[in-house]
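4 protein chains.
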Amino acid sequence: MQYRRLGRSGLQVSELSLGSWVTYHNQVDTKGATEMLAAAFDAGVNFFDNAEVYAQGESEVVMGQAFKALKWNRLDYIVSSKFFWGLTRESNTTVNRKDTLNRKYLMQAVDGSLKRLGLDFIDLIYCHRPDPHTPIEETVRAMSDIITQGKALYWGTSEWSAADIRAAWEIAERHHLHKPVMEQPQYNLFHRKRVEQEYARLYEDTGLGLTTWSPLASGLLTGKYRDGVPAGSRASLESMGWMREQLQDRAKNAAVGQLAGIADELGCSLAQLAIAWINRNPRVSTVILGASQASQLHDNLGALAVTPKLTPEIVARIDAITQPLAS
Amino acid sequence: MQYRRLGRSGLQVSELSLGSWVTYHNQVDTKGATEMLAAAFDAGVNFFDNAEVYAQGESEVVMGQAFKALKWNRLDYIVSSKFFWGLTRESNTTVNRKDTLNRKYLMQAVDGSLKRLGLDFIDLIYCHRPDPHTPIEETVRAMSDIITQGKALYWGTSEWSAADIRAAWEIAERHHLHKPVMEQPQYNLFHRKRVEQEYARLYEDTGLGLTTWSPLASGLLTGKYRDGVPAGSRASLESMGWMREQLQDRAKNAAVGQLAGIADELGCSLAQLAIAWINRNPRVSTVILGASQASQLHDNLGALAVTPKLTPEIVARIDAITQPLAS
Amino acid sequence: MQYRRLGRSGLQVSELSLGSWVTYHNQVDTKGATEMLAAAFDAGVNFFDNAEVYAQGESEVVMGQAFKALKWNRLDYIVSSKFFWGLTRESNTTVNRKDTLNRKYLMQAVDGSLKRLGLDFIDLIYCHRPDPHTPIEETVRAMSDIITQGKALYWGTSEWSAADIRAAWEIAERHHLHKPVMEQPQYNLFHRKRVEQEYARLYEDTGLGLTTWSPLASGLLTGKYRDGVPAGSRASLESMGWMREQLQDRAKNAAVGQLAGIADELGCSLAQLAIAWINRNPRVSTVILGASQASQLHDNLGALAVTPKLTPEIVARIDAITQPLAS
Amino acid sequence: MQYRRLGRSGLQVSELSLGSWVTYHNQVDTKGATEMLAAAFDAGVNFFDNAEVYAQGESEVVMGQAFKALKWNRLDYIVSSKFFWGLTRESNTTVNRKDTLNRKYLMQAVDGSLKRLGLDFIDLIYCHRPDPHTPIEETVRAMSDIITQGKALYWGTSEWSAADIRAAWEIAERHHLHKPVMEQPQYNLFHRKRVEQEYARLYEDTGLGLTTWSPLASGLLTGKYRDGVPAGSRASLESMGWMREQLQDRAKNAAVGQLAGIADELGCSLAQLAIAWINRNPRVSTVILGASQASQLHDNLGALAVTPKLTPEIVARIDAITQPLAS
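Residue numbers (the UniProt record's numbering), protein chains in the order written: chain A, 1 to 327; chain B, 1 to 327; chain C, 1 to 327; chain D, 1 to 327.
One chain only, chain A, in its complex shape (with noise of 0.2 Å):
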């Protein structure tokens, strides 16, 4: 394994990472998720991404208690949270406590992340998704005042637009509070346009860096969606009919048809290949993993051994092949 600076800050998180396994209707328990976080460890994972709002803080609750099993040195693990959907499940109302980045419910969330983490502090936080109805200074503000705090190291945010974190990072420098050093993009084979075009600048202008989700499409780029939804799959269950129909996509499912016989070629399995793909973008600091089991976790961080295989060569056959389809 190998790490990298998250964007231009000092902070080294291992190009691939775990998060969110939880997040799945609880299909991982206090003692699978231990073993999961030991053997990412053990293979030189440091980076533990979370969420207040994965399984309603059941997630962060989780975590903790494989966390204090664990008994890793707390400089040696780097754990994210991240905040805006908020914890609707406790309460009747969702006012100020969903879908908001406003300082009353930020300054009250992390205090509840920390007490179910377990934790004294939180290496990354992240603004879960922009807010249009807060404005940016008073969640850089308040994102600032709770790293003064001591409560978090470092700041960002996830899915905003290129525009709002410019504004946030001139707010902080303006205003000289710390200023956000993360964005957390869905970034893929078939969902590449934030990442490659519109952040751009802000690579260079602000040093931003990248700690990339859904790296297989939610399963499409596995290719186990290439004959239907198969039973038991994530896409089979009730809850997720949302998602069925993109991961039926004949276009795209073609396409990881075609991306299957790269993988052969090369001798690895298709998701290695869209890991190694999104490996070897020198503007993701790391790649956050979604495994729900060991097995899958292993084969995962096989991509490493994939990303030097992939000449600009290969690297034009994929992109033929998948750019067309890609938002």
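Please note: incorrect hints may appear among the correct ones.
Copies of the same chain look alike in the list, so a pair counts if it fits in one copy or across any two.
Below, computed lysine-lysine pairings styled on DSBU-like, alpha-carbon distance capped at 35 Å [said to hold, decoys possible]:
(1) Lys309 / Lys98
(2) Lys224 / Lys71
(3) Lys193 / Lys151
(4) Lys193 / Lys71
(5) Lys68 / Lys31
(6) Lys309 / Lys68
(7) Lys151 / Lys98
(8) Lys115 / Lys193
(9) Lys151 / Lys68
(10) Lys224 / Lys193
It should be emphasised that the hints constitute simulated quantities derived from the structure, not laboratory data.
Chains B, C and D: place on chain A using the hints.
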């Protein structure tokens, strides 16, 4: 109940809110306050207005006991306090404790409020009146420091001139401090100029939000003083003599009579008409109701159904009746 | 007793205040100090001046014990301390503890004073003298940081040059720090130039307030040295030899004789005349009295009745007598 | 012993100071360290240099135990620590714990040092080396935040380039943060260019102070390597092989031979001559001695008597011998 942003801030306050219920000679005890808070909360009210001076601190004590009994999630309600007049009963002197916004008073006053309310932080803190004897910079810095210390989330003013509010905002901007977010002015059919004219430029320039008080002009707009001061009314109390004259103002009570006709047309009470008219102004973030009885609160909340009925033609008729008499 | 703003700040200090009473060889014990504090407080005095160096910390210990016994409300009194000379008895070295305003000394000194005084914060902290060996910026930042930490409310200087006070004010303004608010200079009929000439522009430009010391010029203005040094007086003490010469200054004692005539005309004591003359200067926020006996305190407080009698004509006569001799 | 300001700061450090004594394979235990500290302190030394990396944290543990035993007043001594290399024994990974000045490492490292030293604050904290992989702004902000949190009093650098020191100073000035105060460079007769040339403008422009290390060039300047590596010396140790070559440099040992003649003339040891020569440079705030035995410490402190003997003529002779060989 709908929610509005507190000015340009990201905080959402209910259109109607509840305040001051223990201000009038302790008409309401903790049990009564708890019931009223619960009723308001169930109706969607999320902002509960208070001040150090209300019943000389007892209003905060009662509200704190009610909060303890109600066990609401702290994210779901917004509490305020205000500082200026001080607690004069607890001392023989008024120096540095009355009519001041100096640093010594403010830093100690907020600690007292937190203790009486039994809270870790107050959502909104106000400078209850302007203090011409303290530099605005001293006050701005103290209010901002209280927020930095985590004892409050947002700060604002009450009954300040537009010039002073702007001065405070500019000083905070220049020194990178927390800026004032809201103002609490008197606003009703007979008291309009400050909100509609004096503050006009502040809404756009500084994003000022309003939490308005005295929607019924001390009861004048309920119509109960049309035939003199009824026994048992607030104005009948010895200590309220100063208020009696204006409540018996002939021209205003005649205007109230005309408004009663409009209320009848709309099938609502006079109080509901008066509240709905304030609620209709998009510059008003929330109308603070001053109910001391549950029945009164329920009647007032009925104003929400009246607001949509205030067509431009109806508003023109209301304005024709009241504007000539309004300060 | 009347109250004045401490310069342009919003803090109200009593025109006359009490200080230093345990500085002279522990003439006053805790019981005596408590009685004197109580008497002063009852007369309206709200400012009690102290310093780390007075009786090598014992003055703070005694005052702290008196506060504990008196149980005043913390809003109703103002306490000061001052830092520069350090506590030299507790160590064999003077390095970083004597004649310094460096960060190490200041940060530790304030903690010691808080402990001795038994308080959570000190209202006013002073740099007791200028320190040419520490950059003003280092001192400004330390004093401001102490306020930000909540350990003090306002800071100022004592016996600093106008140039240094202005430098401190400008550095604080530029770096958005807490600015100095007051200066504690010697000021009496025979020591006037700094207050009246050197600081002249600072009052308007920075809002400087004054808490003045030595109103009686070490007793010279009481007239008791007109016929030599009386047995038992301060100047008769061996350790006060350095002071004896100036207290026996012939020209000054002759001038005091002339002032005695004016005091007789006004029906007041010489001390009252001298104090009233200082009190008359609107630039003076408070005159710190140095009484060691209750009777002396009561006499000095009588100056308040004399101030209104100081007509322009009387003042002209006083000035004609003293100004030629004043430094 | 005399004291000098640490650069332009107000902190007074002893001309000679003591450091690192547990760095060499734990030659000194707590009892020995306590005795040495006591001897140095009695001789007037008030600065005790340390670093996280010395003996992998054990140096701080030992010094903390010695402080506890010695019960000095906290004002009377100055302790340092330095951060960069991290504690590598306590973990299998070096990521974010070695060769870094990122925020995560620094914030956690200072807490570890405080705990090992058993102190509430460290007087001086250093960036032990430059980290080209962390933006200077991130490091400046973290160091400044540590001071704001009260965990340290002053911060500086060790072995940074003039350009980086200036960048750090300017960033701190622009963002109103605590500026770096001192640098800890190697400085001795054979290693001079950085202190004498590279930093030349910094002394005036930023007030940089110096705490210099390696006064004897790892022992070369004691003359003990003139006839090869003696058994039992540091250079004879297997792990110090990298140092052996330069300690046996022929030209330098020949120069040391010539210096011995000057030392004889002055009636002092070679070590004393070398230390006195550094002490003579007014840009040097303090010379850190690396003694591991009491006798050695006493010999080194004898340099203070030699400094006055370094006439311009003597210095010219010393420079003629060493400057051509100096880096």
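(request) Indicate which option fits the pair Lys224, Lys193 if close means a Cα-Cα distance not exceeding 35 Å: within, between, both or neither. (result) within (25 Å within a copy, 66 Å between copies)
(message) As a check of your reading, is Lys68 near Lys31 (CA-CA no more than 35 Å) within one copy, between copies, both or neither?
(response) Result: close within a single copy only, 12 Å intra versus 37 Å inter.
(request) Using 35 Å as the alpha carbon limit, work out where Lys224 and Lys71 are close: within a copy, between copies, both or neither. (result) Close neither inside one copy (37 Å) nor across copies (49 Å); limit 35 Å.
(request) Using 35 Å as the alpha carbon limit, work out where Lys309 and Lys98 are close: within a copy, between copies, both or neither. (result) between (44 Å within a copy, 31 Å between copies)
(request) Since the copies are identical, ignore which copy is meant and state whether Lys151 and Lys68 lie within 35 Å (CA to CA) inside a copy, between copies, both or neither. (result) both (18 Å within a copy, 27 Å between copies)
(request) Can you give me the call for Lys193 and Lys71, within, between, both or neither, at a CA distance of at most 35 Å? (result) neither (40 Å within a copy, 47 Å between copies)
(request) State whether the alpha carbon distance between Lys193 and Lys151 is at most 35 Å within one copy, between copies, both, or neither. (result) For Lys193 and Lys151, only the intra-copy Cα distance (34 Å) is at most 35 Å; the inter-copy one is 43 Å.
(request) Up to 35 Å between alpha-carbons, please classify Lys115 paired with Lys193: within, between, both or neither. (result) neither (37 Å within a copy, 49 Å between copies)
(message) Regarding Lys309 and Lys68, is the shortest C-alpha distance of 35 Å or less found within a copy, between copies, in both, or in neither?
(response) Close neither inside one copy (39 Å) nor across copies (59 Å); limit 35 Å.
(message) If the cut is 35 Å between Cα atoms, do Lys151 and Lys98 qualify within a copy, between copies, both or neither?
(response) both (21 Å within a copy, 23 Å between copies)
The structure fails hints 2, 4, 6 and 8 (numbered hints given earlier, in ascending order).
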